[in-house]
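Make the full structure from the sequences, and use the hints.
Top line first, the protein sequences correspond to chains F and S.
If you read the first sequence in the numbering used here, its first letter stands for residue 6, the second for the next number, and so on.
If you read the second sequence in the numbering used here, its first letter stands for residue 947, the second for the next number, and so on.
Simulated from the structure, these hints should not be mistaken for lab results.
Some hints could be false.
As the list claims (entries may be wrong) - Subject to a maximum C-alpha distance of 35 Å in a straight line, what follows is the list of computed DSBU-like cross-link-like pairs (lysine-lysine):
no., chain 1, residue 1, chain 2, residue 2
1, F, K192, S, K1075
2, S, K1186, F, K453
3, S, K1186, F, K9
4, S, K1163, F, K313
5, S, K1023, F, K223
6, S, K1068, F, K453
7, F, K522, S, K1577
8, F, K50, S, K1268
9, S, K1365, F, K424
10, S, K1152, F, K9
11, F, K221, S, K1023
12, F, K424, S, K1075
13, S, K1529, F, K193
14, F, K193, S, K1335
15, F, K313, S, K1060
16, S, K1152, F, K18
17, F, K424, F, K522
18, F, K313, S, K1408
19, S, K1028, S, K1060
20, F, K274, S, K967
21, S, K1408, F, K553
22, F, K192, S, K1028
23, F, K193, S, K1075
24, F, K50, S, K1023
25, F, K553, S, K1302
26, S, K1163, F, K433
27, S, K1268, F, K348
28, S, K1349, S, K1418
29, F, K223, S, K1335
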Amino acid sequence: MIRKLAKSIREYKLPSILTLIFIIGEVIIECLIPFMTADLVNRIKGGDDIGSVVRTGLILIAMAILSLCCGGIAGFTCAKASAGFAKNLRHDVFSRIQTYSFTNIDKFSSSSLVTRLTTDISNTQMAYMMIIRTAVRSPFMFIFAVIMAFMMGGSLAMTFVIVIPVLVFGLLLISRYAMPAFRRVFKKYDRLNESIEENVRGMRVVKGFSREEHEKEKFNTAANDICADFTNSEMIVACNTPIMQFCMYFNMVFILIVGSQLTITHMGKVIDVGQISAMLTYGMQILMSLMMLSMIYVMLTMSAESMKRICEVLDETPTLNDPAQPVTQVSDGSISFSDVNFKYYEGAERYALSDIDLEIDSGMTVGIIGGTGVGKSSLVQLIPRLYDVNTGSIKVGGIDVRDYSIEALRGSVAMVLQKNLLFSGTIKENLRWGNENATDEEITEACKLAQAHEFISAFPDGYDTYIEQGGTNVSGGQKQRLCIARALLKNPKILILDDSTSAVDTRTDSLIRRGFKEYIPETTKIIIAQRISSVEDADLIIVMDGGKIVSKGTHSQLIESSSIYREIYEQQTKGGDEE
Amino acid sequence: MSGPGRKPMGPPRKINFGMLKRVLKMLYSYYPVLLPLTAFCIIFSAATSAVPAIFQQQVIADIQIWYTTGDWEGASKVIIPKILILVGLYAVSIVSVTLYTQLMAYITQGFLNKMRCAMFDKMQDLPIKYFDTRKHGDIMSHYTNDIDTLRQLVSQALPSVLQTSVIVVCVLGIMLYYSFWMTLLVLLGVVLMFTVSKNVGGGSAKYFMRQQAAMGKTEGYIQEMMNGQKVVKVFCHEEKCQEDFDTINEQLFEDSFKAHAFANCLGPIVMNIGNILYVIIATVGGVLLLSNVPNLGISTLIAGGFGVITIDIVIPFLNMTKQFTSNINQFSQQINSIAMALAGAERIFSLMDSEKEEDKGYVTLVDCTVDEAGNITESDHHTGMWAWKHPHSDGTLTYTRLKGHVVLDDVDFGYTEEKTVLHNITLYAEPGQKVAFVGATGAGKTTITNLINRFYDIADGKIRYDGININKIKKSDLRRSLGLVLQETNLFTGTVMDNIRYGNLGASDEECINAAKLAGADDFITRLPDGYNTLLTGNGSNLSQGQRQLISIARAAVADPPVMILDEATSSIDTRTEAIVQKGMDALMKGRTVFVIAHRLSTVKNSDVIMVLEAGRIIERGSHDSLIAEKGKYYQLYTGAFELE
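Pasting the structure below:
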């Protein structure tokens, strides 16, 4: 996992390594400073002349400045390395998502992808910063201080032989109990927050049924349960401080007792006062670095979840790829399905589509009718190869869709999705998604055809009207017409409208269809609709049920032959006032 | 304790003392005994960790004196007692530290839990308006981000500030005890440290703010693109998106890099100023030592006048300098986190201080029995019949049968005072009648139903329910008598059975199943893997839209209310499925007063009265046939000449 993520460090390897080097420098100086200060103290104590005291002082100041420089530079390079790593990681994850097929996209919810790209990467950035700053610093500091302590303190250093195992054992014991407890309680905590969100979203239902008290009770029970768990885990972790303090104090007392006895009995020949002071400082450094190490461990285990989630995105392999020698030209808009079976997941029990055989000539208008979940959208999504068939084949322009380059295929097959979206930006910018180089005339023309020109012109800013995120400032019908215009700008050989005029009134709907017939007769038009009136005049109408094509024919044929079609028709025209 | 990265980073802000006082007061009210005890332990442990330094130094000074003699026997008589005092102090310190860290863990989690529950309880009592005027994410962040800043405050910042300030005061006292001059020098150094860290910290704060803004922008872009990923694919727009993203990403990198660079540098800078200060103190001390400058300190004042600086003063002073600067440092670091936590607390309190949904109703809904003469008697058990219990000012009680007769009389309403969205709405719904509202989005259809169940209160006019002004009816009882099925189905985590029972908590399993049968939901539920015990999560994401809607209809059915409000209940279902749902709906509507809002006119055709709304006014009313005959707006809508959305 770590190796996978580390690939994204790339050009920030240099600042990362520099950080390590400068931190090592800083640590060395930091460890030497107590040494020098002990010297300074001895000089002052020994009553040396001011000159030598000042000299030692100046050396110390120089060391402090050097340490400051090292620390400062390390802080700088470290910030660069970690921010850069996060940037690359975001880039990699985003570009990986761009390669996803619909199957891949279905697997992750969009909100989970957003979290992965934001919070999770920020967590990883912080962890990385922590690692390159402290993960080197602490062990280094530890080793250095231990060496110095043994060199200076001699037998006094024996205290560490006692203290370090106690501390390590204590910290390990705590993290062993606390970590799994925390992981459990965080899962519960997430669920609690989900239930709050559910409550906020469903407030009308809660209030509508006067269930406020019931909700309070439910929440209090869940919250108290979590609180008990949290308190338990926190209390375990809280033992860290006393254990640490115990070791620190033990250390001091040991050094003072043994040190004073050694010093006095040997008249300062084995150990002197300065050394005792230095030992106290090193003791602190050793314990501190151990404490830091345990914090890194906690931090890493906590961000491991984030890293795992990022890796999931990076590991997801796109299920659709261009063939080795792709065809780049779609000759015409004919479509043929032969023996197509399709399901969304390998493990799915039922096929979403089965036994589909269908021939559509170039330039035809085809209507598809049927209830929700019968496979209408699935059928058309196979044409621009948004999904791959499980068995059978689909040919566009006489060539299997899997032999085209995806770009060429989708360039010729324009599809207006059922769940459609406009992006924040002006109307013109949105329309240019269809064709980046479209001239103003071409845009106007497409909008006229989609019956959108009229209302766009009525906006004060016309085609430069800014569309809010999600297209919230245009009505549903307007949004649908803009989406159609956007698809038309592609100048497609095949145009697919997946329930794209449901919010458009019937008159405009029929004007759009009339326009299609007149201005883009060459283009194959496939229209999925709820309203019979939207498909009535199609050359071919397909009735679907249960993932199969149950009937095909023209309106008049189907009224005769298909009971489902007749049923839908009658239901919609009951009262007989339909035009 | 919380997961990494949950801590929101922000610029340092001014400390809001009023808010701090309020949080402390609250803490105190929850833990009147434990909180002072904890504070006492913290102060005690801080003091015991500041004082030993003196004994330590004295021991070292003693060694200094005795080591030339080599007489451990003699020395131990002086040194050992001091070390024993030290051990005693340490023991006390460890005990108090253990006590306060455990107490703190207990108090922090308990406090957070109480805050969470208090917030949630309060939230349930807030009017719908609160939720309609805020983003759900913003409300949620009170429970996640803001609570988290409080955790930081209570568990870390406050104890740490208390602890460091006690130590600082102790150390300052000891330093003054020894020497005024040298104390002054240390203080000067501290001022320098503050200035530098303020400047560097200020730069960092500026970039953190920018980082936050860049992060927001990136998040916005990512959100939009992740939602529109399929559109991106259909238009082969991947490369363009990547380009745009890289630009935004680069900006985020720049700001994040600078913010962290400043923040990272702060540590070494402050630490080394501390080091330099140490050297300066040592050198100056040495100079003072050699030049015999008269010393002034509390100790010399007690002794009466000036003294001399000795090695016994300089050495402990050096250590105290270290202690002093490192504690000052810690203190200043906490200031930022306190300011941030108080900003979070402010947001939490703004929720807690929001005005509750007002309810002055006193008419309640009770079970009743009706004798042959039509006299209504209140009953203490479920009878299947309900009555409004109406206490009057003269102390008498009257009972009115619950029938479902709803009258709106010249009602005006606006969500804000400036803009009236409903004008002069008058309508009569007889018990058992089906009243439909049609009209474009924003015409005010949903608003009318919002008024009947008093999600919002009317500005002018009257609404009467069985002849009683609804303002007099207790809100919970009013709503209990109104069934609600909304376009947006909201199911809760739990089994299918739990979700149906939500409509009537006292319903037996059998009643729930009957309601499901009535709604036409039984068929698909029994085919689910665990039937009625199937667990629903994420708003029933494992069900189709139609199935979710059927469950919400069953939920309304089990409540068995005399009045139903169906707000676009079937508009997200296709016509064919709707035909199936419609059967359940028809069964549900039988014998009830029903308000239907529908986008699809086929759904409302068989209503007794259809109201056509435009811009907050009823412009046409009548039955389907009469409205068609009128050839007005309804006719145009029906024939599809106008868009509804």
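Hints versus structure:
For the proposed pair K192 of chain F and K1075 of chain S, the alpha carbon gap of about 32 Å is at most 35 Å, so the pair holds. At roughly 27 Å between alpha-carbon atoms, K1186 of chain S and K453 of chain F fall within 35 Å of each other, so this suggested pair holds. A threshold of 35 Å between alpha carbons decides the hint, and for K1186 of chain S with K9 of chain F the separation of about 26 Å falls inside it, so the pair holds. Restraint check for K1163 of chain S and K313 of chain F: satisfied, since their Cα atoms lie roughly 25 Å apart, inside the 35 Å limit.
Of the pairs offered as hints, the one joining K1023 of chain S and K223 of chain F is violated, with about 67 Å between alpha carbons and a cut-off of 35 Å exceeded. At roughly 53 Å between alpha-carbon atoms, K1068 of chain S and K453 of chain F are farther apart than 35 Å, so this suggested pair is violated. For the hint pairing K522 of chain F with K1577 of chain S, the CA-to-CA distance comes to about 32 Å; that is within 35 Å, so the pair holds. Distance check on the hinted pair: K50 of chain F and K1268 of chain S sit about 19 Å apart at the alpha-carbon level, within 35 Å; holds.
Between K1365 of chain S and K424 of chain F the alpha-carbon distance is near 33 Å, which keeps this suggested pair within the 35 Å criterion. Simply put, K1152 of chain S and K9 of chain F have alpha-carbon atoms about 34 Å apart, close enough for the 35 Å limit, and the pair holds. For a cut-off of 35 Å, the pair hint linking K221 of chain F to K1023 of chain S is broken: about 67 Å separates their Cα positions. About 29 Å separates the Cα atoms of K424 of chain F and K1075 of chain S, which keeps this hinted pair within 35 Å; it holds.
Between the alpha carbons of K1529 of chain S and K193 of chain F the distance comes to roughly 41 Å, so the proposed pair goes past 35 Å and is violated. Restraint check: the Cα-Cα separation between K193 of chain F and K1335 of chain S comes to about 44 Å, which exceeds 35 Å; the hinted pair is violated. For the given pair, K313 of chain F sits about 33 Å from K1060 of chain S by alpha-carbon distance, which is consistent with the 35 Å threshold. A C-alpha spacing of about 27 Å is found between K1152 of chain S and K18 of chain F, which places the hinted pair at or below 35 Å, so the restraint holds.
Restraint check: the Cα-Cα separation between K424 of chain F and K522 of chain F comes to about 25 Å, which is no more than 35 Å; the hinted pair holds. As the CA atoms of K313 of chain F and K1408 of chain S are separated by approximately 59 Å, the hinted pair breaks the 35 Å bound. Pair hint K1028 of chain S plus K1060 of chain S does not hold up; C-alpha atoms about 47 Å apart against a cutoff of 35 Å. The straight-line distance between the Cα atoms of K274 of chain F and K967 of chain S is roughly 59 Å, outside the 35 Å bound, and the hint therefore fails.
Distance check on the hinted pair: K1408 of chain S and K553 of chain F sit about 55 Å apart at the alpha-carbon level, beyond 35 Å; violated. With a CA separation close to 51 Å, the supplied pair K192 of chain F and K1028 of chain S exceeds the 35 Å bound. Note on K193 of chain F and K1075 of chain S: the hinted pairing holds, with a Cα-Cα distance of about 30 Å set against a maximum of 35 Å. This hinted pair checks out: K50 of chain F and K1023 of chain S have alpha carbons roughly 24 Å apart, not beyond 35 Å.
Annotation: proposed proximity of K553 of chain F to K1302 of chain S is violated, straight-line Cα distance about 55 Å (limit 35 Å). With a C-alpha separation of about 22 Å, the suggested pair K1163 of chain S and K433 of chain F falls inside the 35 Å cut-off, and the hint holds. Pair hint K1268 of chain S plus K348 of chain F does not hold up; C-alpha atoms about 70 Å apart against a cutoff of 35 Å. Our distance criterion of 35 Å between C-alpha atoms is met by K1349 of chain S and K1418 of chain S, whose separation comes to about 17 Å.
Only pairs whose Cα atoms come within 35 Å are accepted, and K223 of chain F paired with K1335 of chain S is accepted, the gap being roughly 30 Å.
Of the numbered hints given earlier, the model fails hints 5, 6, 11, 13, 14, 18, 19, 20, 21, 22, 25 and 27; all others are met.
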